[in-house]
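Take the first sequence: its position 491, counted from the start at 1, is 490 in numbering that gives the first Met the number 0, and no numbers get skipped.
To be clear, the hints were calculated from the coordinates, so they are not data collected in a lab. Be aware that one or more of the hints could be misleading.
[Stated by the list, open to error] Quick list of simulated restraints, FRET-style, between CB atoms:
id : residue 1 : residue 2 : range
1  : Asp373    : Glu447    : 35 to 43 angstroms
2  : Ser286    : Asp380    : 23 to 31 angstroms
3  : Lys231    : Lys461    : 58 to 66 angstroms
4  : Arg204    : Lys595    : 48 to 56 angstroms
5  : Phe319    : Gly68     : 25 to 33 angstroms
6  : Glu409    : Ala438    : 34 to 42 angstroms
7  : Ala391    : Glu524    : 20 to 28 angstroms
8  : Asp373    : Thr84     : 25 to 33 angstroms
9  : Asn563    : Gln72     : 42 to 50 angstroms
10 : Ser286    : Asp373    : 33 to 41 angstroms
11 : Ser170    : Ile634    : 57 to 65 angstroms
12 : Glu80     : Glu653    : 54 to 62 angstroms
13 : Gly68     : Arg340    : 36 to 44 angstroms
All C-beta atoms in this analysis are idealised placements derived from N, C-alpha and C, irrespective of residue type, glycine included.
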Amino acid sequence: MSDKNFKRYTITSALPYANGPVHIGHLAGVYVPADIYARYLRLRGNDVAFICGSDEHGVAITLKARKEGKTPQQVVDQYHEQIKTSFEKFGISFDIYSRTTSKTHHETASEYFQKLYENGKFLEQSSEQFFDPKENQFLADRYIKGTCPTCSFPEAYGDQCESCGSTLSPSELINPKSMLSGEAPVLKATKHWYFPLDQYEDWLRKWILEDHKEWKPNVAGQCKSWLDGGLKPRPMTRDLDWGIPVPVEGAEGKVLYVWFDAPIGYISATKDWAAATGKDWEPYWKSDDTKLVHFIGKDNIVFHCIIFPALLKADGGYIFPENVPANEFLNLESNKISTSRNWAVWLHEYLEEFPDKQDVLRYVLTANAPETKDNDFTWKDFQTRNNSELVAIFGNFVNRAVVLTHKFFEGTVPMKNELQPIDEAVLVDVKAGIKSIEASLEQYKFREALSQLMDVARSGNKYLAETEPWKLIKEDKERVATIMNIALQISSTLSIIAEPFLPFTSGKLKEMLCLENADWKLAGESDLLKEGQEIGKAALLFEKIEDSAVEAQVQKLMDTKKANEAEAEGSKVVPAKEVVNFEEFMKMDLRVGEIKTAEAVPKSNKLLKFTVDTGLDQRTIVSGIAKHFTAEEMIGKKVLVMSNLAPRKIMGIESQGMLLFAENEDGSLKAVSPGSDAQNGATVA
RNA sequence: GGCGAGGUAGCUCAGAUGGUUAGAGCGUCGGAUUCAUAACCCGGAGGUCGGGGGUUCAAUUCCCCCCCUCGCUACCA
0 MSDKNFKRYT
10 ITSALPYANG
20 PVHIGHLAGV
30 YVPADIYARY
40 LRLRGNDVAF
50 ICGSDEHGVA
60 ITLKARKEGK
70 TPQQVVDQYH
80 EQIKTSFEKF
90 GISFDIYSRT
100 TSKTHHETAS
110 EYFQKLYENG
120 KFLEQSSEQF
130 FDPKENQFLA
140 DRYIKGTCPT
150 CSFPEAYGDQ
160 CESCGSTLSP
170 SELINPKSML
180 SGEAPVLKAT
190 KHWYFPLDQY
200 EDWLRKWILE
210 DHKEWKPNVA
220 GQCKSWLDGG
230 LKPRPMTRDL
240 DWGIPVPVEG
250 AEGKVLYVWF
260 DAPIGYISAT
270 KDWAAATGKD
280 WEPYWKSDDT
290 KLVHFIGKDN
300 IVFHCIIFPA
310 LLKADGGYIF
320 PENVPANEFL
330 NLESNKISTS
340 RNWAVWLHEY
350 LEEFPDKQDV
360 LRYVLTANAP
370 ETKDNDFTWK
380 DFQTRNNSEL
390 VAIFGNFVNR
400 AVVLTHKFFE
410 GTVPMKNELQ
420 PIDEAVLVDV
430 KAGIKSIEAS
440 LEQYKFREAL
450 SQLMDVARSG
460 NKYLAETEPW
470 KLIKEDKERV
480 ATIMNIALQI
490 SSTLSIIAEP
500 FLPFTSGKLK
510 EMLCLENADW
520 KLAGESDLLK
530 EGQEIGKAAL
540 LFEKIEDSAV
550 EAQVQKLMDT
560 KKANEAEAEG
570 SKVVPAKEVV
580 NFEEFMKMDL
590 RVGEIKTAEA
600 VPKSNKLLKF
610 TVDTGLDQRT
620 IVSGIAKHFT
630 AEEMIGKKVL
640 VMSNLAPRKI
650 MGIESQGMLL
660 FAENEDGSLK
670 AVSPGSDAQN
680 GATVA
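Given these sequences and hints, build the entire structure.
The structure is reproduced here in C-alpha cells:
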C-alpha cells in the first residue's frame, strides 16, 4: 500500500469497444467499481480526473460495418452515442467520455508513435501476410474464411473457428477465401513496426513483481505468467484502412494497431477534459504526485500491465499506474455472458425496463462483484438483495426515522438531550463503520465496503429496536427527542457515505432530510442536522420488486436461449460438401482395422497413439480423441481407417493414416464400428 | 500438457506469519415486537474449510500428489 500523499488522481476505466452496447458484465467488472472509487475520492475533496471513452478502431468494427452495410464511422457513431447516454443515465460520473476517433486522439496517438519512431524504439520487420489480389488489400486474420481443419466447419475465421472454438491461423484453413472478394488470398510481403517488449522485461518484472506486491493475486499472477513465458516483439501497426494512419514514410495503407492507440486514448481524453475545463493535462500523466489507477476486466491485464506501461516507459515522460485492480468475469444465470448470443442484460434495456432503479443494479453488481473470481448474476438474487437488503434494512431504517419524527415532532429535528450509553455506543459504531469503509475502498474492496455501509444501517435499526421510541413517547418525550435526533443524524451519515455506491438514493435522502453540507469528512458527526430544522416528508427510497418483474426477465432469457437453440438447430448439420466424382472417391483407401495398442501421447491432452492392424500392416496412427475415449477402451476395437492419407507428423510422431469417427453437433465423437466379424483389411466402399 | 486464478455453511463471500467452540450477509427454523414497504430486533440449526498423503505437540492455514471450475497457451489429418 502506498502511503504517499498524492495531490491528484487519474482514474481510467477500460474504453468500451464501440461495436455493441454495454452490459452488466462490463458494469460489474469495470465501471461501477471505478465510479465508486472516483466518487469517493471527490467526496473527500481530492482532485480527480475520471477518464473514459469509446474505443472505435480495429478490425472488428470494419467487419461489423461490412456486415451491416454501413461505414465504420456510422457504426461507431451509433454505439458511441448509445454507450455514452446509458452511462450518463446510470450515473457513472466520468469527467469526460471521449472517443478514439476524435481529432485530439488521432493527433496524440500519432505523435506518440512518431516520437518513439524517431527515438528508435521500434524494429522494422517484413513478413508474409495474406493479401487479396482483387481488392488489392492485405487481410486481417478475421477477414479470411475457410474450412476449419478441426471440425470441417466451412465458415471458420482465420483466427478462430466459431463452431468448434479452436484457435487458428489463416494458413491452417482449408480453401481459404478472402471475405472481401471471395478470391483465394495469396501471401505477400509487408513491413511492420514492432515494439520490442522483450527489452522491457527486466524493468517490468521489477516494477510489477517487486515494487507492487500489493496488486491483486489474479493480476500479479497473470503478469508473472506472461513474464515467465518471455516477451516477444509485437507489431504495433496493421494493414487496414480504418484507424490512425502510421505517421511514417513508406507506411501508406497502414494504421496503428488498435491496442497501441486505445490506451493512449486515456491521455487524449484527459487532454480534451483539461481543455474544456481550463486545466493543464500534463500533471495528470506526468507528475509523480499523481496516482494513476486503471480499472479493467481480466481480459485486458496484459495490455494495461505489460504493453502500455512498456510504451509509457519507452516514451520516458510518463508516470505508471499505481494499481490495476482488474476484476474477473460476471456470468448471467450460470452462463457466460455473450454478445453474439445475446446472453446479457443490456444496460440500455435495463434502464428502460427498471426506470429509476439505477441504484438497485449498482448495489447488486457491487455486492456480487467478481473481485476475486468469476461470479454469477441471477435475477432471483437481484430481487432478494433489493427486497431484503435495500428495502428491508437501508430504506426501512430511514423510513422509520423520518416517519417517527413526523409523528412525534411535526417534522422538525428534535432537541438532543443528555446522551445515554446506548446513544454513545451507536455513534461510536457508526464512526467505526465509516473508518472500515474508507479502509476497504482504499484497497479496492468494494464488496466489503458496501457490506460495511449496510452494517451502518443495521446499527440504526438495532438502535431503534432497543430504544423503542414508539413506546417511550407516552412517558418521556424528552428522551424520545434525543433518540430521534440521533436516528436522523445516522440517516444523514448514511446519505453521505452511500453517495459513492448509491448516488441517486443519496441525493433523494439528502433532499428528504434537507441536508446541505455533505462532505465525507462530516459523516459520523452527531450534528449534521440542526435542532429545530425542518425535514421533508417520508418517501420510500426503494420499493419491492415483485416476482412478476423478475420472472419476466428470466423468461426473456429463456426466449433468447430458445432462439439460440433454434438457430443452432438450423445450422446443426454441416452443409454438404462439393460433389466428388467416382474416380476421386475411389482414390480413397478406406478399410477396416483393429486397434492393437493404444496409449496417451505425453504432453498432450487430446492425442492418443495407436498401433492399428490394417490387414496390410501394423501402423502407427495418432488421433485427437482423448477427450472422448480412453486408450484402454479402444484396444481391440474394430475401426474404420483412411489408410492412404499422406503421413503427417504430430507432436513428433508420424501418423500413417486417420481413424474415422462420427462427430455430433456438440463436438462429441461417436465410434463408427464395423461388425466384429469384419476382417482386418476389409475394404470399405 | 504448461502457466495463472479459484474450490470454506442451502446461496454469495470473509478468514488464517499454523494454535482455545472456523466467520458474515442472505435463505431457513423458532422467539419477541408493531414505529416501519408482513419490514426491523433476538436466538437456533446448518461446515470432516475439494480429495489423499506428508511436516508438526497442533493444518482448513505450510509441502507433495490428485480431482473440479474459469482464463491464457500448445498438440487435434
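Checked hints:
| no. | hint | verdict |
| --- | --- | --- |
| 1 | Asp373 / Glu447: 35 to 43 angstroms | violated, 18 angstroms |
| 2 | Ser286 / Asp380: 23 to 31 angstroms | violated, 43 angstroms |
| 3 | Lys231 / Lys461: 58 to 66 angstroms | holds, 59 angstroms |
| 4 | Arg204 / Lys595: 48 to 56 angstroms | holds, 50 angstroms |
| 5 | Phe319 / Gly68: 25 to 33 angstroms | violated, 43 angstroms |
| 6 | Glu409 / Ala438: 34 to 42 angstroms | holds, 40 angstroms |
| 7 | Ala391 / Glu524: 20 to 28 angstroms | holds, 27 angstroms |
| 8 | Asp373 / Thr84: 25 to 33 angstroms | holds, 29 angstroms |
| 9 | Asn563 / Gln72: 42 to 50 angstroms | violated, 31 angstroms |
| 10 | Ser286 / Asp373: 33 to 41 angstroms | holds, 37 angstroms |
| 11 | Ser170 / Ile634: 57 to 65 angstroms | violated, 36 angstroms |
| 12 | Glu80 / Glu653: 54 to 62 angstroms | holds, 58 angstroms |
| 13 | Gly68 / Arg340: 36 to 44 angstroms | violated, 23 angstroms |
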